[in-house]
Amino acid sequence: MSTATALTDHEAKLAALIIEALNLEMTPQEIDAGAPLYREGLGLDSIDILEIALVISKTYGVQLKADDADNVRIFGSLRSLNEHLQQHRSK
Amino acid sequence: MAARRGLSEPSARAPTGRLRPMPHPDSTPLPLFVHASPDLPVAFTRDGIVNAHQFVADVHAFADRLPDAPHILNACGDRYLFAVGFGAALLRGQRTLLPANHAPATLERLARSHPGLQALTDALAPSLELPALAVTREGDTHVTPFEAPAIPGDRVAAVLFTSGSTGEPVPTVKSWALLAASGRNEARALELGDLPALAIVGTVPPQHSYGLESTVLIALQGGFAFDAGRPFFPADICAALAVLPRPRMLVTTPVHLRALVASEDHPPEVDLLLSATAPLAPQLAADAEQRFGAPVKEIYGCSEAGQLATRHLLAGAEWRLMGDIALRQDERGTWASGGHVPGDILLADVIELVDRERFILHGRTADLINIAGKRTSLAHLDLQLNTVDGVRDGAFLMPDDAEDRVVRLAAFVVAPGRTAREILDALQERIDTAFLPRPLHLVDSLPRNATGKIPREALLALAEQLSKRRDVP
Numbered sequence: 000m001s002t003a004t005a006l007t008d009h010e011a012k013l014a015a016l017i018i019e020a021l022n023l024e025m026t027p028q029e030i031d032a033g034a035p036l037y038r039e040g041l042g043l044d045s046i047d048i049l050e051i052a053l054v055i056s057k058t059y060g061v062q063l064k065a066d067d068a069d070n071v072r073i074f075g076s077l078r079s080l081n082e083h084l085q086q087h088r089s090k
Numbered sequence: 000m001a002a003r004r005g006l007s008e009p010s011a012r013a014p015t016g017r018l019r020p021m022p023h024p025d026s027t028p029l030p031l032f033v034h035a036s037p038d039l040p041v042a043f044t045r046d047g048i049v050n051a052h053q054f055v056a057d058v059h060a061f062a063d064r065l066p067d068a069p070h071i072l073n074a075c076g077d078r079y080l081f082a083v084g085f086g087a088a089l090l091r092g093q094r095t096l097l098p099a100n101h102a103p104a105t106l107e108r109l110a111r112s113h114p115g116l117q118a119l120t121d122a123l124a125p126s127l128e129l130p131a132l133a134v135t136r137e138g139d140t141h142v143t144p145f146e147a148p149a150i151p152g153d154r155v156a157a158v159l160f161t162s163g164s165t166g167e168p169v170p171t172v173k174s175w176a177l178l179a180a181s182g183r184n185e186a187r188a189l190e191l192g193d194l195p196a197l198a199i200v201g202t203v204p205p206q207h208s209y210g211l212e213s214t215v216l217i218a219l220q221g222g223f224a225f226d227a228g229r230p231f232f233p234a235d236i237c238a239a240l241a242v243l244p245r246p247r248m249l250v251t252t253p254v255h256l257r258a259l260v261a262s263e264d265h266p267p268e269v270d271l272l273l274s275a276t277a278p279l280a281p282q283l284a285a286d287a288e289q290r291f292g293a294p295v296k297e298i299y300g301c302s303e304a305g306q307l308a309t310r311h312l313l314a315g316a317e318w319r320l321m322g323d324i325a326l327r328q329d330e331r332g333t334w335a336s337g338g339h340v341p342g343d344i345l346l347a348d349v350i351e352l353v354d355r356e357r358f359i360l361h362g363r364t365a366d367l368i369n370i371a372g373k374r375t376s377l378a379h380l381d382l383q384l385n386t387v388d389g390v391r392d393g394a395f396l397m398p399d400d401a402e403d404r405v406v407r408l409a410a411f412v413v414a415p416g417r418t419a420r421e422i423l424d425a426l427q428e429r430i431d432t433a434f435l436p437r438p439l440h441l442v443d444s445l446p447r448n449a450t451g452k453i454p455r456e457a458l459l460a461l462a463e464q465l466s467k468r469r470d471v472p
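Chains as they are written, first to last, in numbering that gives the first Met the number 0: chain Y, 0 to 90; chain S, 0 to 472.
Worth flagging that the hints you see were computed from the coordinates, not collected in a lab.
Any given hint might turn out to be false.
Stated by the list, open to error - Subject to a maximum C-alpha distance of 20 angstroms in a straight line, what follows is the list of computed SDA-like cross-link-like pairs (lysine to any residue):
1. Y:K64 x S:K452
2. Y:K64 x S:A261
3. Y:K64 x S:R391
4. S:K452 x S:R391
What the hints assert, rightly or not - Pair by pair, the computed Cβ-Cβ distance ranges are:
5. Y:K12 x S:L459: 51 to 61 angstroms
6. S:D424 x Y:E19: 44 to 54 angstroms
7. Y:A15 x S:R357: 40 to 50 angstroms
8. S:D63 x Y:T26: 54 to 64 angstroms
9. Y:R88 x S:R111: 28 to 38 angstroms
10. S:K467 x Y:E19: 47 to 57 angstroms
11. S:D388 x Y:A15: 49 to 59 angstroms
12. S:R45 x Y:R88: 24 to 34 angstroms
13. S:R327 x Y:K57: 26 to 36 angstroms
14. Y:K57 x S:D323: 41 to 51 angstroms
15. S:A314 x Y:A5: 54 to 64 angstroms
Glycine residues also receive a C-beta, built at the ideal position from the N, C-alpha and C atoms.
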């Protein structure tokens, strides 16, 4: 968490969405954009990932798929998830 | 739960109602599956349909490869490979152990208490620190005749572990007769006879008692077929359903159902939706039925007793017992027995009996936690928290139920010099991630009362106070 770089506007918006959806006790600025989302980092589990998938489909119009070979990379960090969404967004 | 009732223990255990014989081991052989023709599908895999003849050939071929081991930990992520491993172990008389979770500490304890434990894995299995053997599909239908293996009913098929009130894993031994009866009783209770050649998609793992019963056993004992995958995201679930022939059934949980209803406007048609792990909210049940054009039925049960009852919420809130299962009540609570229930099992829920077949569920007894089908107790969690290095005092809190999301635990910890992150990391080694506290509050002291106890109300007040403080700029 010590090397956290400032979030871009898109990343901050995504971070705020996740924090709101999961009721996390933190601010977007406290999230390290490069840290893993799953288990470590934010310590999210599969229920959370489903929750995130829901707000993502509503907000960005992107349907996440588990058999996407890039899934590990996509959920690798807030930054990679945001990049995936910006590339595929329909909203 | 901690109330003392020790004095009347022996008599309290005896059935108060009509005389019920103790279940005695019956060695009558029962078939591994009931598919009457070799061409009937058992599973839908990425490589195509597996029919009953191929399944029995795969089971025999893999049984020949299994090393001599008394116990098996079947960690396969692919439902078909799980079934092959399960069937092969059953054929060889090796017990399949189903721990409550695959956390490192759980597996370590299991391995220590079961010398010679052998893991079965596949490409989707988590990495385990056990001797592992990959399940393979090497059956040759030219070599193996089409005949369902007959397994002695009293053979131990599975040992399910649940966390008891102390948190120590408590084993429940399931004979093949009980598991086979469970599959048959469920098919009958859900009236699946009206849905021949049913195709089943499950979002729950076969290692969970609900997943084992409602995807694998129900298919083997009902003559149906299951999808080998375990779709997770709504788009995956819909894709898995869409490619299967009808009639089809989705076996899922309120968590997945909510995500499906919220994100899929036009999901593929199904003929039956099945939900378990937590009671459905009526609105979610109505939305799901409307969206999928099919009834949503629910299963009530627990790992110890197995599945006990079904209901169709939109037709009535009452649960109907399966098969020959009976409930009775005494001062300790509600007991289930008969049918495919192993013995006499005390249930962890508050139940109101309506008549011999029907009851109303009023939620769980205090101290027990159920999050997304995973169970533990506050006592166990508090114990784990208080053994973390540097933690001087700590307590978990289960907040009140929320309407629209999975409720998460909170924890309050006195640990000078330690960060919340460090404590969470240590906890993650010991407990399932579903129970990790969110938030974890570092505090100066806990609101213990004069007797040293921490009243739940005091923790709720502390939580509110902390959240207000955070909102002040």
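Hint-by-hint comparison with the structure:
Our distance criterion of 20 angstroms between C-alpha atoms is broken by K64 (chain Y) and K452 (chain S), whose separation comes to about 47 angstroms. Using a Cα cut-off of 20 angstroms, the hinted pair K64 (chain Y) and A261 (chain S) holds, with the two alpha carbons roughly 16 angstroms apart. Taking the CA atoms of K64 (chain Y) and R391 (chain S), the gap is near 43 angstroms; set against the 20 angstroms cutoff, the hint is violated. Restraint check for K452 (chain S) and R391 (chain S): satisfied, since their Cα atoms lie roughly 15 angstroms apart, inside the 20 angstroms limit.
Restraint check, K12 (chain Y) to L459 (chain S): a C-beta distance of roughly 33 angstroms breaks the suggested window 51 to 61 angstroms. Between D424 (chain S) and E19 (chain Y) the beta carbon distance is about 25 angstroms. The supplied range of 44 to 54 angstroms is therefore violated. The given range of 40 to 50 angstroms is respected by A15 (chain Y) and R357 (chain S), whose C-beta atoms sit roughly 47 angstroms from each other. For the hinted restraint 54 to 64 angstroms between D63 (chain S) and T26 (chain Y), the CB-CB distance of approximately 59 angstroms keeps it satisfied.
The hinted range of 28 to 38 angstroms is not satisfied by R88 (chain Y) and R111 (chain S), whose Cβ atoms lie roughly 50 angstroms apart. Taken as a hint, the range 47 to 57 angstroms is violated for the pair K467 (chain S) and E19 (chain Y), whose Cβ atoms sit roughly 18 angstroms apart. Between D388 (chain S) and A15 (chain Y) the beta carbon distance is about 35 angstroms. The supplied range of 49 to 59 angstroms is therefore violated. For R45 (chain S) and R88 (chain Y), the hinted distance range of 24 to 34 angstroms is satisfied, since their beta carbons lie about 29 angstroms from each other.
For the pair R327 (chain S) and K57 (chain Y), the supplied restraint of 26 to 36 angstroms is violated, since their beta-carbon distance comes to about 48 angstroms. At roughly 47 angstroms, the beta-carbon separation of K57 (chain Y) and D323 (chain S) lies within the given 41 to 51 angstroms, and the hint holds. The hint said 54 to 64 angstroms for the Cβ distance between A314 (chain S) and A5 (chain Y), and at roughly 55 angstroms that hint holds.
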